[in-house]
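Visitor: Here is how the chains run, residue by residue.
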Amino acid sequence: MSPELAGVLQLAALIGALALVYRPLGDYMAAVYSSEKHLRPEKWIYRCIGANPSTQMRWPAYLRGVLAFSLMGVLFLYLLQRVQGSLPLSLGFTPISPHQAFNTAASFVANTNWQSYSGEQSMGHVVQTAGLAVQNFVSAAVGMAVAIALVRGFARSRTGELGNFWADLVRGTVRILLPLSVVGALVLVACGAIQNFAGIHEVGQLTGGSRQMNGGAVASQEVIKELGTNGGGFFNANSAHPFENPSGFTNLFEIFLILVIPFALTRTFGKLVGNIRQGYAILAAMGLIWLGFTALMMWTEFHHGGAALQEAGGAMEGKEQRFGVGASAIFATSTTLTSTGAVDSFHSSFTGFGGGLTMLGMMLGEIAPGGVGSGLYGMLSMAIIAVFIAGLMVGRTPEYLGKKIGSREIKLAACYILITPTLVLGFTALSMALSTPPDSMLNTAGNSVNHSGAHGFSEVLYAFTSGANNNGSAFAGLNANTQWYNTTIGLAMLLGRFLPMVFVLALAGSLAEQKPVPETAGTLRTEKPLFAGLLVGAILIITGLTYFPALALGPMAEGLS
Amino acid sequence: MTSMNSSVRGTARLIGAGLRALLALTVVCGVLYPLAVTGIAQAAFHHKANGSEVTSGGRVVGSENIGQRFDLDKKDEDGNPLPDPHYFQPRPSAAGTNAYNTQYSIIVSGASNLASDSKVLKETVIDRRKQVAHFNHVSESRVPVDALTASASGLDPHISPAYAELQVNRVAQANGLARDTVARLVKDHTEGRQLGFLGEPRVNVLKLNIALSRLTQR
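Protein sequence lines correspond, in order, to chains A and B. Okay, so the first sequence: first residue is 1 according to our numbering, each after it adds one. Okay, so the second sequence: first residue is 1 according to our numbering, each after it adds one.
Mixed in with the good hints there might be a few duds.
[To be verified] Pair ranges (Cβ atoms, derived):
1. A:190 x B:58: 20 to 30 Å
2. A:545 x B:60: 54 to 64 Å
3. A:199 x B:71: 19 to 29 Å
4. A:199 x B:27: 21 to 31 Å
5. A:67 x B:50: 33 to 43 Å
6. B:60 x A:97: 34 to 44 Å
7. B:55 x A:182: 29 to 39 Å
8. A:292 x B:55: 48 to 58 Å
9. A:157 x B:47: 56 to 66 Å
[As the list claims (entries may be wrong)] Per the computed footprint, the stretches of chain A lying under chain B, defined by three or more beta-carbons under 8 Å from a beta-carbon of chain B, are:
10. 9-20
11. 47-59
Source of the hints: derived by calculation from the structure; they are not laboratory data. Small disclaimer: the values here were computed from a predicted structure and weren't measured. For each residue, glycine too, the CB sits at the ideal point set by N, CA and C.
Whole structure, please, built from the sequences with the hints as guidance.
Guide: Below you can see the structure in the form of structure tokens.
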């Protein structure tokens, strides 16, 4: 069997597995978020919080809950890293420096998991399991909660009530993420991922002597890193490390974990708004983009363009033998089209076009299928824009799911889509204009071209695209552990996560207050393929117009040179 | 004034709720969950959960999942260790050394991150091809791509079947074994794609070298 055919078969198996769980998982999540009952452990947690989970919140209250909880997350994680030297099970690792601790805390709370540190040489057991892995769970649950609040905005009328943030947070964690993680972690261990609390220990080598190796609760962290579309690796090499991702099977399983919740949430959405086919239309738009990107990525990686790859005769630089080119290509598009950022191969060594695809995937706003929760609310914001464009064409007040899209709604959706490009292009421009940052670029100095080299620019553009979109993957040639990058990328991650949530929740509140508009013969049928096509077109055009100039300076210049 | 006081009180209450929610979920997801998974994993998959260590001649000689080096004690003029001709050689590695925490000498996993059109990478590939062809006494055109490129983790435990076959003559000669014996060894250690289509065919270098050392009694 050729590697190309094996790649296509792996893609087909992945799609089959996702299709199989789409309905049951989507329906289950809908039931979780609309259930009246509270489980016993949940009641215990609500008592701890001191909140009544049955109280309904309007959007400002819901938002205050999100922000208070996330602020505490940043402070707690920062503190944990700063006092690492005095914590038990820290393996003798010293405290993390202030700017790096800020960057890492912001990164994990914002569901980004950008890492300017190397896990195996800086983080002890307590910081990894009780700090970083906890945010892998709860930052994902926060994203899902905000998405569900927006869906309720569409589903409810003549009320401003969006549900209870604490109940949505706790249920998402306890009923969805935890059970799936327990099962997934055990599957990974059964295939060879490690799960222990050993210290750094000596392991003998065949030719004599020994080498130091890490222990750690790797599988339990790996599974939620993918399932919660987080992406922060236990080890520096992330999911390329054999202890995180030991085989071809676990590799496909991890891609499945990345995609399963974001895709299934479209079913949950359809179920909650009372029209399953509306969910299918959103799914179709997401699926079309994801499949198109994956096909292009496999094509370009198998063609291995670029002088060095041509010389080697294949695109295996920065890829593992057990995965090969095809599976690495599927992983790369899945991780950058969601907000994951885990890697099983290193994007910096991809072909110029392939590297551009990973960047473009993030620039779409990570909505195909996007991060857990953030993918759905991002896509629904784009759907509002698409409905508005269609309304302009026919000269009718746009409506979506029985709600009028008036000037308030369109302003909020427009603000939503403008935030990330502003952060990405603004910070990139600043980094290029200031004198110190270029010292951090590997592929400029290393290749003895000057600092304006296209790949060097791509590295910086990639870093801020990854940060502001809450992806977390890197064109790792950039030395990001400098005061400048730790601070600015940290800010980009926080603003890129929480400002959009403000607009999404305001939008949800405004939709929930409206009375439903009866459907007429002139209503745009948003459950039809025509609308899914319009949505994909709107996404590509808006993103293209926003980022084309920057892409021309980076990956396109590289591809043409 | 009273409204300001009440908004301060409201904010304090909210922050308190946020902190308590975080601590409660830390207990659930950061303590109970990893301990439960570790407990089950240690009971059900003890060997794998602890790093799949392999033994040879009664001592641990590494993890079957982590690539290792098979070098001579000698170094070349640049200070790089020379590969041992008695053993099958792994893929090139760009993993780094521990710079942050000098208490340990762990190898930090990672890739070269060099671009696909990088001049440095192109020259490295050309050098590696020359070196591998010379070391194994084969023509340069036979050297497969995995022998020319650094892996993603820098700890890749596998090589392609083609790279293993290319090394057979040299290994057989160095150890005074028949070529067919070593070729059969490679064939026995070649793993196909999982379920026929997952990943790529591969040879685990450590396991192959352990089997080889059993033959040579080294």
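Visitor: Hint by hint, say whether it matches the structure.
Guide: Here's how the hints hold up against the structure:
For the pair residue 190 of chain A and residue 58 of chain B, the beta carbons lie near 27 Å from each other, so the given range of 20 to 30 Å is met. Checking the proposed 54 to 64 Å range against residue 545 of chain A and residue 60 of chain B shows it holds: the Cβ atoms sit about 59 Å from each other. Between residue 199 of chain A and residue 71 of chain B the Cβ separation comes to about 27 Å, which falls inside the hinted range of 19 to 29 Å. The given range of 21 to 31 Å is respected by residue 199 of chain A and residue 27 of chain B, whose C-beta atoms sit roughly 24 Å from each other.
Under the hint 33 to 43 Å, the C-beta atoms of residue 67 of chain A and residue 50 of chain B, about 42 Å apart, fit the expected range. Checked against the hint of 34 to 44 Å, the C-beta distance between residue 60 of chain B and residue 97 of chain A comes to roughly 36 Å, which is consistent with it. For residue 55 of chain B paired with residue 182 of chain A, a C-beta distance near 31 Å keeps the hint of 29 to 39 Å intact. A C-beta distance of roughly 49 Å is found between residue 292 of chain A and residue 55 of chain B, which places it inside the suggested range of 48 to 58 Å.
Hint check: residue 157 of chain A to residue 47 of chain B, Cβ distance near 58 Å, so the stated range 56 to 66 Å holds. For the stretch 9-20 of chain A, the stated coverage by chain B holds: 3 residues have a C-beta nearer than 8 Å to a C-beta of that chain, and at least 3 were required. Interface restraint, the stretch 47-59 of chain A with chain B: holds (4 residues with C-beta to C-beta distance below 8 Å; minimum three).
Checked against the numbered hints listed earlier, the structure breaks none of them; every hint is satisfied.
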